[in-house]
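S.K.: Take a look at the letters that make up each chain.
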Amino acid sequence: MAKQYDVLFRLLLLGDSGVGKTCMLRRFTEGEFDPSHISTIGVDFKMKTIEIDGLRVRVQIWDTAGQERYQTITKQYYRRAQGIIFVYDITDRASFQHIAKWAGDVDENAPDDVQTILVGNKADEECSRQVTKEQGQKLAETYGMEFFEASASTSSNISESFIRVTELVLQAQKRDVDNLLGSLDSYLDQVALQEEKSSQDNHTQRTCAC
Amino acid sequence: MDQSIAIQETLAKEENCIVAAQCEILLEDFSESRLLGLVECSKEHAIFIYSHRRMAITADDVSLEDIVPISLDFAVVEVSSAEQLVVVGADTRVRMSYKDEELELTLPFGSQSRLFLCEVNKAWSDVCRSPAQVPKFEWINKYKKAIKSQESVKQFIAPLEEFSNKVNQHQEMEKVSDKKGSLEKVKTSNSVTPKPKGNSSQENQSREERDDLVRSSSHTTSNKAQILAMPQFGLRDNLIKCELLKNEDLYTYLENFSFFLGTYNVNGQTPKESLRPWLSCTLKPPDIYCLGFQELDLSKEAFFFNDTPKELEWTKAVSDALHAEAQYALVKLVRLVGIMLIFYVKKEHAEFISDVETDYVGTGIMGRMGNKGAVAIRFRFHNSDICVVNSHLAAHVEEYERRNQDFKDICSRLQFRQLDPTQPPLTIMKHDVVLWIGDLNYRISDLDVDKVKDLITKNDFETLHSYDQLKRQIDEEAVFVGFEEGEIDFQPTYKYDTGSDKWDTSEKCRIPAWCDRILWKGKNIQQEHYQSHMAVRTSDHKPVSSLFIIGIKRVNSEAYKKTFEEIVRNIDKMENECIPSLSLSKREFHFKDVKYMQHQAEALSLFNDGQVPCQFEFIQKPNESTYSKPWLTANPSKGFIPQGGSMVIELEVFVNRSTAPDLNCGKQEIEDILVLHLERGKDYFISVTGNYLPSCFGTSIYSLCHMREPVQDMPIQTLLKLAEMSPDDDSSTAEKPLDIPKELWMMVDHLFRNAVNQEDLFQQPGLRTEFEEIRDCLDSGMPDSLPGSNHSVAEALLLFLDALPEPVIPFSFYQQCLECCSSGAQCEKIVSMLPQCHKNVFSYLAAFLRELLKNSASNGLDVSILVTIFASLLLKSPKKQDLAEKTKTQEFFQHFLN
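Chain order of the listed sequences is C and A.
Under our numbering, the first residue of the first sequence is numbered 14, with each subsequent residue one higher.
Under our numbering, the first residue of the second sequence is numbered 2, with each subsequent residue one higher.
It should be emphasised that the hints constitute simulated quantities derived from the structure, not laboratory data.
In this text, a Cβ means the ideal position worked out from N, Cα and C, and glycines have one as well.
Just so you know, not all the hints are guaranteed correct.
Not everything, but these chain A residues come out facing chain C in the computed CB check (under 8 Å) [what the hints assert, rightly or not]: (1) G368; (2) R369; (3) V569; (4) D573; (5) N577; (6) L583; (7) K587; (8) F592; (9) K622; (10) E680; (11) D684; (12) F812; (13) L850; (14) R851.
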């Protein structure tokens, strides 16, 4: 039997305190939902194995403290992320406005090729909605991100969001490998060309010497 | 306060007294003052214990009583007594032991004791770090002789037994504190470790120690993710494989396939006739053929070189004779000398055959050669593992036990390598289906040849079979345990005259026997036929065949996917559950009214609520070199908690002279976040806050001179503004500053009025509680006059000078002072150049000390005592001060006391 797991990626959940990052993570990894809010004070993570195009991918999803006072510390964790899920609460306008700040922090601290998506959580609470789907969509477009409205409570779009960001990471990795192979090819071509040239030079020299 | 100079004078040139401290040594029922000196010589350290006269100034004041070398046999342990457990930060009691000697000491509260213990611990740590370099302490010997001549020595270095009652007391105390709860328990257990720890008077030392741990630790937030990223795929793969195997029923179903098994001992002949009667005897074409030959080639060449043209001849004969209604693919052929096994599969099934491996075992001459033995092929068909063995066992009627042994040897020695090299090789018995064919050579015994032939004629194979050695050996469970054989309904296949159906007519006239057999082992196997083929006459054996219908496990790919995903989900779940986890009693700590040099501690209990033991550690935050601010420590800062276990961490706040200046002026606050990291697990943030009450201790002379109110009544903005101003630009402040800090005046004035005749002033330590009252009085302005004894006020004055962020002689003047220390006039000139407030303080102190000297008759002070105490406080080196510098600072200051 061949290896069942080929890749491991690290994803990071970012967003204001109370937008439901921990709930989303629990829903995705354990299929459970607990509406009581216990602030994550620290950095937690869970593992999950998903299949993308027949490839088994293990993702390590980091759940961070959303509270502002911990942000100088949590920024430290951005560096190792390959994918980031920005989360806001559709019933909390401020959490949506703060996405700009979170995105700015990521720009500063995360690797350049980090893949990001935007998720508006609590999509089931339509009656207390403060951020329209269009606003979310528009913000995502501004940052060139894909956008989902999801609900950890009903499980709607939760897996889709996590899987989508993993797909993006996977694609980015493949691009990297292709680029590497591409540059390797052109390098080899160049070397071959030079060798050819130098052997020609030798040849001409020799004829000259004769 | 520095008595190391007196000790230094008693030492040899190459020896250096690093630090000295006064202590009380506990004897039977009373205590006596001793002076301790930590002495270094060629990187070895020892503690010199002196009896001393008053404050030791010169060598004449001290007399060496004993030396305790700091080696691996040395230990210094903090001893907590019941009442001191409550008052954290009181005088330090330590028990010092060397080999079987032990003594108990009390070090007074104060920076000197702290420094001493810190240095001792450092020296001891050095010894522990390089246990290979055992210190020799040769330099001590010269002193030892001197000590031995004194009888007084052993009076206080009591042997262990004499101290046993004290130790017992200590143990009892431990028991009591056990009952008191976990907080005390931790403290006591700390005190058992051979390092002084957890007491405020050793704050600096323990912090340094912990910082070292942090630095040496490889686990910081930045590299933790890397550790986690190390994939342990191998383990997971095996787990999944295991689970898949266990749940095979969930995603496989049985489908029947026909297996044609044949065995033929060809007696070295070449094929002379078609094998169709043997191989094409079934109605429908079988799905699989496994055909075994023995004695393919009896030539020496075949034996020695394992090379024979007959392999090809017989393979061709077989190919030509396979069932005509289907197409077959030769999957594998394996041969050992004359033992050959060929494996064909119907073309349409070829894609479901995998993991084909072969092996052979020789059991012939010397138990190793290939004239006897077995060859075998294993393969996977759909999801079933099948092994076919073709063996030729030892000959001769009486050798049945040898045949049994051959079987066992084959079973144990025949091994198939696995695709995954980390897996152990597969043996025959590890397969779902084992088909064993061959010339097993078991004969008919206990029956003469005529009787045998008679039974054969009568077709009474049942009776004859009861004389069959193989049947008997199987019944006795001596061989082929777990195997089955079908009913034998054909006459023995051995031995015929070649080319005929006649029994052996040679001289030997062998008794007919069922040498050629087919057995099986496994589930869902149905034998359709078991027969010999009389029409084939090339050899002295007849070929035998058997058709099996075998239920093969096929995979339902939908169900497989589901099962697989379920397993992966479960393993993910298991893995998530195995991430170490703790529950914390509190996530936020607030320290109220933190004061200078006043220890505060709060307990954080950790409970391991995870499913695995966990290793925790407080780790550094980005851009910080230690896990906490310098005024905060977690004790212990790392550790291990078993599953279900708990531990109490003490968070201790202690503001000392190095952290006080920034806190006093509000540049820093009591605010920190600790990161508690679990190895292979999550991080917890613990926030520590508090309010600090500013103190004159650790506030600059300049700032204090600009405060007309007590420091705690000043708005924090003013404090910050003052701290940022330079003593050189006095013009900027509108209000005229005080000449000297009022706090300094209060202490000096108090001493001047009350203590000019006080004996042992500045030499006898003060009381800790009184210091706290004095500090509070200075900082808050209440009560109106200073509380406490003269000694306590004197010590407070020394601590005040010691805590100044910029000494009375500012660092920038230090070098100049050293250079001109011999000239009184020049020294005075330097002082005249000091910033105004510093100059005032210096002159004021000098005047006060001169005043004290006037009363030396009653207070016992002299110039050298005061110089020793005050020079090191007034003139501080920005770097580490060496002995020569020390002497010069004293010389400098002496000019002002005459």
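S.K.: Interface hint check: K622(A), Cβ to nearest Cβ on chain C, cutoff 8 Å. Holds or violated?
M.R.: Where the cut-off is 8 Å and the nearest Cβ of chain C is about 5 Å from K622(A), the hint holds.
S.K.: Does the nearest C-beta of chain C fall within a distance shorter than 8 Å of the C-beta of R369(A)?
M.R.: 35 Å, violated
S.K.: Would you check whether D573(A) satisfies its interface hint, that is, whether its CB is within less than 8 Å of any CB in chain C?
M.R.: 5 Å, holds
S.K.: Minimum Cβ distance from V569(A) to chain C below 8 Å?
M.R.: Holds. Min distance 5 Å.
S.K.: Can L583(A) be said to touch chain C, with a Cβ gap under 8 Å?
M.R.: Where the cut-off is 8 Å and the nearest Cβ of chain C is about 10 Å from L583(A), the hint is violated.
S.K.: Mind checking the CB of F592(A) against every CB in chain C and telling me if the closest is under 8 Å?
M.R.: 17 Å, violated
S.K.: For the hint on F812(A), does the least C-beta distance to chain C fall short of 8 Å?
M.R.: This interface hint is violated because 33 Å lies over the 8 Å limit.
S.K.: When the nearest CB of chain C is found for L850(A), is that gap smaller than 8 Å?
M.R.: 50 Å, violated
S.K.: Using Cβ atoms only, decide whether K587(A) comes closer than 8 Å to chain C, and label the hint accordingly.
M.R.: 11 Å, violated
S.K.: How about G368(A): closest beta carbon in chain C under 8 Å, or not?
M.R.: Result: violated, 37 Å to nearest chain C Cβ.
S.K.: Can the hint on R851(A) be confirmed by a CB-to-CB distance to chain C that is less than 8 Å?
M.R.: 54 Å, violated
S.K.: Using Cβ atoms only, decide whether N577(A) comes closer than 8 Å to chain C, and label the hint accordingly.
M.R.: 5 Å, holds
The structure does not agree with the numbered hints 1, 2, 6, 7, 8, 10, 12, 13 and 14 stated previously, though it agrees with the rest.
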